[in-house]
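Peer 1: For chain A, the structure is supplied; the task is to place chain B on it using the hints.
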Amino acid sequence: MDAYSRIVCQWCGNQNTSPTQCSSCGAPLDVKDMVTESGWREAPRLRDLTEIRFDNSTCQVEGELVPVVELSLAQGDEVYFEHHVMLWKQDSVPMRLVPTQGPKRSIFGLPHLITAATGPGRIAFSRDASGEIVVLPLHPGMEVDVREHAFLLASSRITYSYVRIKGLANLLHGGNGMWLDRFVTTNAPGLLVLHGYGNVFERMLAPGESIDVEPGAMLFKDASVTLETEKIQLSSGIFGGSSMYVAKLTGPGRIGIQSMYHHHAGGE
Amino acid sequence: MAGYSCPFCGTASAGDSASCPGCGAPVDVQRKVTASGWIELPPAADLARIQCGRSSLQIAGTLVPVADFALAPSEGLYFAHHELLWKERQVQLQRTGMRGAWKRMLAGLPVHMLNATGPGRIALSRDAPGEMLAIPLHQGHAVEVREHVFMVATSSVTYDYFMPPVWYVTQNGDERETHFPLGMLMDRFTATGGPGLLLVHAHGNAFVRNLAAGESVLIKASALLYKDVSVAMHLHFEYVQRKGLVSWLTAGWNLQRYLWLRLTGPGRVAMQSAWGHHHDPERGIVQSTPATEHYW
Numbered sequence: 001m002d003a004y005s006r007i008v009c010q011w012c013g014n015q016n017t018s019p020t021q022c023s024s025c026g027a028p029l030d031v032k033d034m035v036t037e038s039g040w041r042e043a044p045r046l047r048d049l050t051e052i053r054f055d056n057s058t059c060q061v062e063g064e065l066v067p068v069v070e071l072s073l074a075q076g077d078e079v080y081f082e083h084h085v086m087l088w089k090q091d092s093v094p095m096r097l098v099p100t101q102g103p104k105r106s107i108f109g110l111p112h113l114i115t116a117a118t119g120p121g122r123i124a125f126s127r128d129a130s131g132e133i134v135v136l137p138l139h140p141g142m143e144v145d146v147r148e149h150a151f152l153l154a155s156s157r158i159t160y161s162y163v164r165i166k167g168l169a170n171l172l173h174g175g176n177g178m179w180l181d182r183f184v185t186t187n188a189p190g191l192l193v194l195h196g197y198g199n200v201f202e203r204m205l206a207p208g209e210s211i212d213v214e215p216g217a218m219l220f221k222d223a224s225v226t227l228e229t230e231k232i233q234l235s236s237g238i239f240g241g242s243s244m245y246v247a248k249l250t251g252p253g254r255i256g257i258q259s260m261y262h263h264h265a266g267g268e
Numbered sequence: 269m270a271g272y273s274c275p276f277c278g279t280a281s282a283g284d285s286a287s288c289p290g291c292g293a294p295v296d297v298q299r300k301v302t303a304s305g306w307i308e309l310p311p312a313a314d315l316a317r318i319q320c321g322r323s324s325l326q327i328a329g330t331l332v333p334v335a336d337f338a339l340a341p342s343e344g345l346y347f348a349h350h351e352l353l354w355k356e357r358q359v360q361l362q363r364t365g366m367r368g369a370w371k372r373m374l375a376g377l378p379v380h381m382l383n384a385t386g387p388g389r390i391a392l393s394r395d396a397p398g399e400m401l402a403i404p405l406h407q408g409h410a411v412e413v414r415e416h417v418f419m420v421a422t423s424s425v426t427y428d429y430f431m432p433p434v435w436y437v438t439q440n441g442d443e444r445e446t447h448f449p450l451g452m453l454m455d456r457f458t459a460t461g462g463p464g465l466l467l468v469h470a471h472g473n474a475f476v477r478n479l480a481a482g483e484s485v486l487i488k489a490s491a492l493l494y495k496d497v498s499v500a501m502h503l504h505f506e507y508v509q510r511k512g513l514v515s516w517l518t519a520g521w522n523l524q525r526y527l528w529l530r531l532t533g534p535g536r537v538a539m540q541s542a543w544g545h546h547h548d549p550e551r552g553i554v555q556s557t558p559a560t561e562h563y564w
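Listed in order, the protein sequences are those of chains A and B. Under my numbering, the first sequence has 33 at position 33, and the numbering climbs by one with no breaks. Numbers in my numbering are just positions in the second sequence, counted from 1, shifted up by 268.
Next comes chain A alone, as it looks inside the complex (with noise of 0.2 Å):
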């Protein structure tokens, strides 16, 4: 055991042997722990040119504005995504499709085939907007909820699926959109990458704690938040009131949220 053995990343828990970075999910070990006086931990800015390791392959985080992941697939590894985020592939890298739980996501607006890449060879994604990649590496039997289209690539050791958000008011007033997207890992661990518009931030709830959040910038939580799309009354003296909708996530489990929640086409 060396002298950095026991640098454990703040963001996903990996005991680390680089004095720099994380192994596992790219977070800097050598910068402040970001967290804000109310408990939200930033993402790590990954630096530029970060590496990280997953099964037998390799990931790396190139710029910062629209960063890129670009996959140094080993022989067999496999990943799988949405294929309109995908930016350049080698010629060799062969490609398949990938059906999910039926066509009825198409209605929403959702893929119901994900594409998937077998190595060996190289292949790079990058999402058409500014924000930060957020590496969420998964330990054996994690589920997590992913707002939709927010998925960047997932390893295929990990499980795709959906749940659909219940309720009228999340239909009719929700931000959410109408899935999310579920990642399982059963026995072995998984590599899931997420794009988040703009900053994105952190926090762990606990059992029973709630907090209300813009429909719109909830990016990730564990499966064990629930997330009810809930009424706020705003009176306005004798003139009566209107109402807002937030998304009321409630513990045990961490969320993550965007601080920017719609997508800009750009300018004002």
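Careful, some of the hints might be misleading.
[To be verified] Coverage of chain A stretches by chain B, computed from C-beta distances (three or more under 8 Å per stretch; other residues unrestricted):
(1) 16-30
(2) 33-39
[As the list claims (entries may be wrong)] Covered, in the sense of this in silico footprint (three residues per stretch, anywhere, with C-beta under 8 Å from a C-beta of chain A), are these stretches of chain B:
(3) 322-332
(4) 347-354
(5) 525-537
Worth flagging that the hints you see were computed from the coordinates, not collected in a lab. From the three backbone atoms N, C-alpha and C, an ideal C-beta is built for every residue, glycine too.
Peer 2: Okay, now just chain B, sitting in the frame of chain A:
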């Protein structure tokens, strides 16, 4: 470093923290002034802490920053509802109507504001990459802010708006059209209930400069962020003669027109580097607010 005075907002402090307690600007960076005199506002340091009354705020994030307020009991702030990012459940929200709702609706401005009252935490963010500027206002001090730039103000700051004297009318046949390069309305914030804090959002980077009395500068109208009340503004048109084939092909519009906002001191002005382009139809101007012009 006792007796530190922030070069960007003027707030005096001991200077022993990493950022100015008035505006969040880092204290350990050198002031950058362009050769033309614009001061580049340093983005608030990540997790910079700003004090406003008994409440405080932290600016978190650098790409799309978040203003994370810790409201003291009975202290409050107001904002447009779409700025809300998250809040603790004990923070009370109340809706306040604005006067001139019809005019504000025509201008595309919110007709209601939300008041949040402490104790508790609440966070706001603007849905675009850029910088968040904290403007500490001393008692009686006022600033005028271009529409859609305002994010949030503490309840000690009074909010009013007015129609800026910057518009012109073009005519095409019987059709007349009024253009508002600066927007139809402009916001004015005044600290009337003691010192207050105003937050505005700049698209891209933000720059400020202090204009001396009588000194003027031309900027694109939509690049203006805010200005002191003492700074006068009016339209300025520049015309460039088209020549040769271009002039023949564009007969009737043989002058290329450039539209500027002239700002004249004394006072402080701020601009943003990413600004929405104002489309000038280049039709003949039949009426306008007081404007100067120049032919090249």
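Peer 1: State the violated hints by number, sorted upward, taking the hints as numbered earlier in the document.
Peer 2: Hints 1 and 5 contradicted; others consistent.
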